[in-house]
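Going line by line, the protein sequences match chains A and B. The C-terminal residue of the first sequence carries number 132 in my numbering, and the numbering is unbroken. The C-terminal residue of the second sequence carries number 1147 in my numbering, and the numbering is unbroken.
Hints listed in this document are in silico derivations from the structure and should not be mistaken for laboratory results. Cβ coordinates follow ideal geometry from the N, Cα and C atoms, glycine included. Any given hint could be a false lead.
What the hints assert, rightly or not - Below, computed lysine-lysine pairings styled on DSSO-like, alpha-carbon distance capped at 27 Å:
{"hint": "1", "chain 1": "B", "residue 1": "Lys1080", "chain 2": "A", "residue 2": "Lys108"}
{"hint": "2", "chain 1": "A", "residue 1": "Lys118", "chain 2": "A", "residue 2": "Lys108"}
{"hint": "3", "chain 1": "A", "residue 1": "Lys123", "chain 2": "B", "residue 2": "Lys1091"}
{"hint": "4", "chain 1": "B", "residue 1": "Lys1064", "chain 2": "B", "residue 2": "Lys1146"}
{"hint": "5", "chain 1": "B", "residue 1": "Lys1131", "chain 2": "A", "residue 2": "Lys108"}
{"hint": "6", "chain 1": "B", "residue 1": "Lys1139", "chain 2": "B", "residue 2": "Lys1118"}
{"hint": "7", "chain 1": "A", "residue 1": "Lys123", "chain 2": "A", "residue 2": "Lys102"}
{"hint": "8", "chain 1": "B", "residue 1": "Lys1082", "chain 2": "B", "residue 2": "Lys1139"}
{"hint": "9", "chain 1": "A", "residue 1": "Lys102", "chain 2": "A", "residue 2": "Lys118"}
{"hint": "10", "chain 1": "B", "residue 1": "Lys1091", "chain 2": "B", "residue 2": "Lys1118"}
{"hint": "11", "chain 1": "A", "residue 1": "Lys123", "chain 2": "A", "residue 2": "Lys59"}
{"hint": "12", "chain 1": "B", "residue 1": "Lys1131", "chain 2": "B", "residue 2": "Lys1146"}
{"hint": "13", "chain 1": "B", "residue 1": "Lys1064", "chain 2": "B", "residue 2": "Lys1139"}
{"hint": "14", "chain 1": "B", "residue 1": "Lys1064", "chain 2": "A", "residue 2": "Lys108"}
{"hint": "15", "chain 1": "B", "residue 1": "Lys1118", "chain 2": "B", "residue 2": "Lys1018"}
{"hint": "16", "chain 1": "B", "residue 1": "Lys1139", "chain 2": "B", "residue 2": "Lys1018"}
{"hint": "17", "chain 1": "B", "residue 1": "Lys1082", "chain 2": "B", "residue 2": "Lys1118"}
{"hint": "18", "chain 1": "B", "residue 1": "Lys1091", "chain 2": "A", "residue 2": "Lys102"}
{"hint": "19", "chain 1": "B", "residue 1": "Lys1091", "chain 2": "A", "residue 2": "Lys118"}
{"hint": "20", "chain 1": "B", "residue 1": "Lys1139", "chain 2": "A", "residue 2": "Lys108"}
{"hint": "21", "chain 1": "A", "residue 1": "Lys59", "chain 2": "A", "residue 2": "Lys102"}
{"hint": "22", "chain 1": "A", "residue 1": "Lys126", "chain 2": "A", "residue 2": "Lys102"}
{"hint": "23", "chain 1": "B", "residue 1": "Lys1064", "chain 2": "B", "residue 2": "Lys1082"}
{"hint": "24", "chain 1": "A", "residue 1": "Lys108", "chain 2": "B", "residue 2": "Lys1082"}
{"hint": "25", "chain 1": "B", "residue 1": "Lys1131", "chain 2": "B", "residue 2": "Lys1118"}
{"hint": "26", "chain 1": "B", "residue 1": "Lys1146", "chain 2": "B", "residue 2": "Lys1080"}
{"hint": "27", "chain 1": "B", "residue 1": "Lys1091", "chain 2": "A", "residue 2": "Lys126"}
Unchecked claim - Per the computed footprint, the stretches of chain A lying under chain B, defined by three or more beta-carbons under 8 Å from a beta-carbon of chain B, are:
{"hint": "28", "segment": "56 to 65"}
{"hint": "29", "segment": "78 to 89"}
{"hint": "30", "segment": "109 to 115"}
{"hint": "31", "segment": "119 to 132"}
Claimed, not checked - Listed next, with one range per pair, are the computed distances between beta-carbon atoms:
{"hint": "32", "chain 1": "A", "residue 1": "Gln96", "chain 2": "B", "residue 2": "Lys1118", "range": "57 to 67 Å"}
{"hint": "33", "chain 1": "A", "residue 1": "Ile127", "chain 2": "B", "residue 2": "Gly1102", "range": "15 to 25 Å"}
{"hint": "34", "chain 1": "B", "residue 1": "Ala1121", "chain 2": "A", "residue 2": "Asn85", "range": "14 to 24 Å"}
{"hint": "35", "chain 1": "A", "residue 1": "Lys108", "chain 2": "B", "residue 2": "Phe1013", "range": "51 to 61 Å"}
Below are the chains, spelled out letter by letter.
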Amino acid sequence: MAEQQHLPAEQAETVPAERAEDRPVFTPYVDIYEDEEGLTLIADLPGVAPDAVDVHVEKEMLWIRGHVPEQTLDEGRVVYSEYANGDYERAFTISQAVDSSKIEASMKDGVLTVRLPKAEEAKERKIPVRSG
Amino acid sequence: MAILRWGRRWDPFEELAKMQRHMDRLLGTQTGRGLFAAQRDFPLVNLYETPDDYVVTAEVPGVKAEDIDITVVGDSLTIKGKREADVDREKVNCHRQERDFGSFARTLALPAAIAGDKVDATYVNGVLQVKLPKAEEAKPRVIKVKN
């Protein structure tokens, strides 16, 4: 599929900011859909509480960050592990076609949904063809 | 779905699959799809042990708590459920599709018998935590050594 210019293209070289703690940072799985009104980005952030997610736009980049608290289990020991605890981070380039002042985000059951409405001038317009 | 046996013999292929999963998560790549699609397990689980319980945590983001079905028989735990699609994919343009939908089921064989009637499960922020108290006969007993 040819990527259109106004798509949120993933930034290949994300430079993580300096971190106070030394823990893994994962890239979450993401779906991106487009309809006539805008784009919807859905990211799996299991373990991230609604108040521990950070979505912001900075220099035409949409940043998604989620913090997962350390697993605490009294007297527990790990017997078997398929996933590690860590934070999530991913960044996308957004173009002028998105109205960044109207971006909305919601978080439920470890899934982040970000709605990116298209700017008025970027919406498709149907041009009627007159005969004659 | 293969039954996982904790503490089984070392399996180099499982180790490779595990390494692949970790690399995928770190790099955000999708090698779990395509050729090795069957190796992308859902949900991913961790198992912890305390003196009295086993605790299984599973990453099930986007699944409603009422859609998760947990059954315990003897020493085996089954987590079943269904993840519904967020949007009707026929009506929108998909630009990126990394998340999976549909039914899932995983069965785990625990290291010891479980008191099935005392199992307790909670679901917070897309992570399921199942607390499985050990059966009385499986609990460790401290034996005092007499002089």
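| request: For the pair we were handed, A:Lys126 and A:Lys102, check the Cα-Cα distance against 27 Å. | output: Status holds; Cα separation ~24 Å.
Check the hint pairing B:Lys1064 with B:Lys1139 against an upper bound of 27 Å on the C-alpha distance.
violated, 33 Å
Inset, instruction - Given the hint that B:Lys1064 pairs with B:Lys1082, test it: the Cα-Cα distance must not exceed 27 Å. - result: At roughly 9 Å apart (the allowed maximum being 27 Å), B:Lys1082 and B:Lys1064 satisfy the hint.
Satisfaction of hint between B:Lys1118 and B:Lys1082, Cα-Cα up to 27 Å
holds, 25 Å
*asked:* Verify this for me: three or more residues of the segment 109 to 115 of chain A with a beta carbon less than 8 Å from a beta carbon of chain B.
replied: holds (count 4)
Inset, instruction - Closer than 8 Å, Cβ to Cβ, for at least three residues: run that test on the segment 78 to 89 of chain A against chain B and report holds or violated. - result: holds (count 7)
Exercise for the section: For B:Ala1121 and A:Asn85, compare the CB-CB distance with the range 14 to 24 Å and indicate the outcome. Expected result: holds, 20 Å
Task: Pairwise hint evaluation, A:Lys108 against B:Lys1064, where the allowed Cα distance is 27 Å at most - done: holds, 10 Å
### Query
Within 15 to 25 Å or not, the Cβ separation of A:Ile127 and B:Gly1102?
violated, 41 Å
- Message: Against the 27 Å threshold, does the CA-CA distance of B:Lys1091 and B:Lys1118 hold or violate the hint?
- Response: Not OK: B:Lys1091 and B:Lys1118 at ~45 Å, beyond 27 Å, violated.
Is it true that the CA of B:Lys1091 sits at most 27 Å from the CA of A:Lys102?
Holds, at roughly 23 Å.
Original post:
Is A:Lys123 close enough to B:Lys1091, meaning Cα to Cα at most 27 Å?
Top reply: holds, 17 Å
Hint compliance for this structure: hints 4, 8, 10, 12, 13, 15, 16, 20, 26, 28, 31, 33 and 35 are broken, all remaining hints hold.
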